[in-house]
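A.B. asks: The primary structure of each chain is shown beneath.
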Amino acid sequence: MSEVLANISAMLQKGKRKDVARLCQQAIDEGLDANVILTDGLLAGMDVIGAKFKANEIFVPQVLVAARAMKAGSEVLKPYLAGDDASGKGKIVMGTVQGDLHDIGKNLVIMMFEGKGFEVIDLGVDVPTEKFIQTAIEEDADIIGLSALLTTTMPVMAEVIKAAEEAGIRDRVKIMVGGAPVTKEFAESIGADAYTEDAPSAAEKALELISA
Amino acid sequence: MNSMERVVMALNHQEPDRVPVYPLLAGVSRHLIGANCREWSTDADTCVKGLLKAKEEYELDCIVTLIDLSVECSAWGQELIYPENEAAHPNYRNQVIEDEDSYDKIQYVDYRTCDRMMMHIDVCRKLVEAAKGEYPVVAFVFGPLGTLSMLRNQEEMYVDCIEQPEVVHDAAGVITQVLKEYCDALLATGVQGIMFDTLFASGSIMSKDMWDELEGDLVQELAEFVHSKGAMVMIHNCGGKIYFDAQIRRMHPEAISFLYPPDDCADFAECKEKYGDVTTLIGCVAPTTATVGTPEKLEAECKESIDAMAKGGGFILATGCELISPNAFPHAKHMVEIAKTYGAYKK
Ligand code: B12
Chain A
1 MSEVLANISA
11 MLQKGKRKDV
21 ARLCQQAIDE
31 GLDANVILTD
41 GLLAGMDVIG
51 AKFKANEIFV
61 PQVLVAARAM
71 KAGSEVLKPY
81 LAGDDASGKG
91 KIVMGTVQGD
101 LHDIGKNLVI
111 MMFEGKGFEV
121 IDLGVDVPTE
131 KFIQTAIEED
141 ADIIGLSALL
151 TTTMPVMAEV
161 IKAAEEAGIR
171 DRVKIMVGGA
181 PVTKEFAESI
191 GADAYTEDAP
201 SAAEKALELI
211 SA
Chain B
1 MNSMERVVMA
11 LNHQEPDRVP
21 VYPLLAGVSR
31 HLIGANCREW
41 STDADTCVKG
51 LLKAKEEYEL
61 DCIVTLIDLS
71 VECSAWGQEL
81 IYPENEAAHP
91 NYRNQVIEDE
101 DSYDKIQYVD
111 YRTCDRMMMH
121 IDVCRKLVEA
131 AKGEYPVVAF
141 VFGPLGTLSM
151 LRNQEEMYVD
161 CIEQPEVVHD
171 AAGVITQVLK
181 EYCDALLATG
191 VQGIMFDTLF
201 ASGSIMSKDM
211 WDELEGDLVQ
221 ELAEFVHSKG
231 AMVMIHNCGG
241 KIYFDAQIRR
251 MHPEAISFLY
261 PPDDCADFAE
271 CKEKYGDVTT
281 LIGCVAPTTA
291 TVGTPEKLEA
301 ECKESIDAMA
311 KGGGFILATG
321 CELISPNAFP
331 HAKHMVEIAK
341 TYGAYKK
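Those protein sequences? They're chains A and B, same order as listed.
The working numbering puts the first residue of the first sequence at 1, with every later residue one more than the last.
The working numbering puts the first residue of the second sequence at 1, with every later residue one more than the last.
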C-alpha cells in the first residue's frame with residue numbers, strides 16, 4: 001500500500017485533522033483514486049479506531065477526534081469521489097428519540113456507520129416519532145437507527161416501530177435500537193430488527209442487515 | 001433501629017438489623033405531590049415536600065438531594081430550559097463556552113448569586129430540620145468537570161480534553177473553588193455528607209489517566225475540604241467500568257454509589273472483596289429493572305447485590321442511578337420489602 005495512505009490512516013487514528021486533510025490532498029495530487037484514498041486511508045483508519053474502542057483501549061474522546069479527522073479528510077475527497085460511491089452501502093436515518101437529549105452514543109454510532117460507507121441522515125436529539133417515519137419515507141432509507149438512554153424514553157422506540165408499521169414501511173426498512181439501558185430482550189420485545197451493545201458492532205450489524 | 005442508626009452501622013462496616021435501602025427517587029417524587037418538574041426543581045418547599053413524601057411513603061433510609069445536573073452550571077449564567085415533564089437542562093444551542101477559545105468565561109463567582117444553588121442549600125436546611133437526626137441527608141453536587149460539561153457542549157468538551165487539556169483543567173479548577181464554598185454552605189445546613197457526581201471517572205467516557213489528569217487533583221481538594229469539616233464524602237457514578245482505585249486514591253470516600261462493576265472487577269463479589277473494606281458500596285440495581293423489569297427480575301437483581309456485597313455491613317441497597325419514571329414506584333416499594341426480608345442480617 002502506498003505510504004501516503006498508511007499515513008492518512010495513522011494520522012486519523014491520532015485525530016490530527018489538519019494532517020489528514022493535507023495528506024488527502026497530497027494523495028489526490030499524487031494521482032491516487034479518491035475512492036481508494038477513502039477506503040484504504042480514511043475508512044481503514046476508522047476500522048482500527050472502532051476495534052480499539054471496542055477493546056477498551058481507547059475511549060470516547062479519542063473516537064471523536066478521529067471521526068473529526070475523517071470528516072476533514074472526506075471534505076477534501078468529496079469533489080473527486082465518483083457519484084454515489086460514498087453512500088453506496090445504503091442510507092440510515094438516525095436519531096435519539098423524543099424526550100431524550102443524550103447524543104454522544106448516537107454520534108459515535110453514526111461515525112461508525114459512516115466509517116463503513118453508509119450515508120447517514122442525523123436527525124439529532126429529542127426527535128419526534130413522525131419525523132423518523134417521514135424522513136425514512138422521503139429519503140427511502142434502508143435502516144432507521146434509534147438511540148435511547150433513559151428508561152422513560154425506551155418505550156418511545158416501540159412507538160416508532162409501531163408508526164413504521166402504520167405507515168406501511170415496516171417491510172422495507174430495518175430498525176436498529178441501542179443505548180446503555182437497552183437490552184437484547186427489550187429490543188426483541190418491541191420487535192426491533194437489531195440491537196447491539198456498542199457502535200462498532202452496530203456498523204457491522206447494519207452491513208449484515210443490508211446484505212440479508 | 002432507626003434509619004440513621006442503620007446507615008451509620010453500615011458505614012462503619014457493621015451489620016445492622018437489615019441492609020439499609022434507598023431506591024433513588026428524586027425528581028420523580030413530584031408525582032407524589034402533584035407538582036410538575038419545573039415547580040419541583042425551582043421551588044424549595046415543593047422540592048422538600050416531594051422528597052419527604054417519597055421518604056415517608058417508601059421508607060427510604062436516606063435522602064440524597066439530586067435535583068438535576070444543571071444546578072451548578074447556572075452559577076455561570078448557563079441558560080436553562082425547565083420542561084414540565086423532564087429534568088431541567090442547558091439550552092444546548094446557547095452554551096456559555098461557545099467555542100474552544102471561550103474557556104476564560106469561567107471566572108470565580110459567588111455562589112450566593114446563584115438562585116439554584118441557594119435553593120438547594122435551602123432544601124438541605126429544611127430536610128435536615130425535618131429529619132431530626134433520624135435519617136441521613138446527603139447533598140448531591142455535580143463535580144467540576146461535570147459542571148464544566150454543562151457549560152460547554154459535551155462532545156466539544158471531549159475534543160478539548162484531548163486538544164487543550166490544560167485549558168479544560170484550569171476552567172474546572174476555577175469551578176472547584178466555587179464548589180468548595182458551595183459545599184461549605186451545604187455542610188453548614190447540617191447534612192451528613194456530600195455526594196459528588198464524578199461522571200467522567202468511567203470507562204464509558206474517558207481513560208483513567210485522562211480523568212486523573214483533568215479532575216483528580218480537583219476532586220481531591222473538594223474531598224479533603226469536606227473531610228476537614230467532619231462530614232462524609234460519597235461518590236455517585238453510574239457509568240460503566242468506573243475507576244474505583246483512582247477515585248479512592250484521590251477522595252477516600254466513605255461510600256460509592258454505582259451501577260456496574262468497576263473496571264478492575266469482573267463482578268460485584270470481586271468488588272466487595274477488593275474494596276469492601278475501604279468504602280461502603282451503594283447499589284447496584286439497574287434503573288431499567290426497577291422501572292420496566294418484572295418483579296422476579298427485580299428480586300433477582302436485589303438478591304444478587306445483597307448476596308455479593310452485604311456481608312459484614314458496608315453495603316446499602318440502592319438503584320445505580322435515579323429512577324425517573326412513575327412506573328418505578330411499585331418497584332421501589334418492592335425493593336424496600338426485599339431489603340426488609342431477604343436483606344435482614346442473621347444475628
Ligand atoms: C453523559 C450522560 C449525560 C449527559 C449527556 C450529554 C450528551 N450530550 O449526551 C448529561 C449530563 C447532559 C445527562 C443528562 C441526564 N441524564 Co444522563 N447520563 C450520561 C451517562 C453518564 C453516559 C452516557 C454516555 O454518553 N455514554 C457514552 C456513550 C458512548 O455510550 P452510550 O450512549 O451508551 O452509547 C453506546 C451504546 O449504547 C451504543 N448505542 C447508543 N445508541 C445506539 C443506537 C443504536 C441503533 C445502536 C445499535 C447502538 C447504540 O453505542 C454507543 C457507543 O458504543 C449515562 C450513564 C450510562 N451508564 O450510560 C447517564 C444516564 C443515561 N443519564 C441518566 C439520567 C437520569 C439523566 C438525567 C435525567 C439526569 C437529571 N436528573 O438531570 C438527564 C436527562 C436529560 C434528558 N432529558 O435526556 C440515567 C438514566 C436513568 C434512567 N432511569 O433512565 C443514566 C442511564 C445513568 C444510569 N446509569 O442510570 N446525562
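It should be emphasised that the hints constitute simulated quantities derived from the structure, not laboratory data.
Treat the numbers as computed from the prediction; the structure is a model and nothing was measured.
Wrong hints could be hidden among the right ones.
[Claimed, not checked] Once the Cα atoms are required to be at most 30 Å apart in a straight line, the calculated DSS-like pairs of lysine-lysine come out as:
no., chain 1, residue 1, chain 2, residue 2
1, A, Lys18, B, Lys208
2, A, Lys131, A, Lys116
3, B, Lys274, A, Lys16
4, A, Lys16, B, Lys297
A.B. asks: Look at each hint and say if it fits the structure.
C.D. replies: How the hints compare with the structure:
1. A:Lys18 / B:Lys208: holds (28 Å)
2. A:Lys131 / A:Lys116: holds (25 Å)
3. B:Lys274 / A:Lys16: Violated. Lys274 of chain B to Lys16 of chain A sits at ~40 Å, over the 30 Å cutoff.
4. A:Lys16 / B:Lys297: violated (47 Å)
Of the hints listed earlier, those the structure fails to meet are numbers 3, 4, in rising order.
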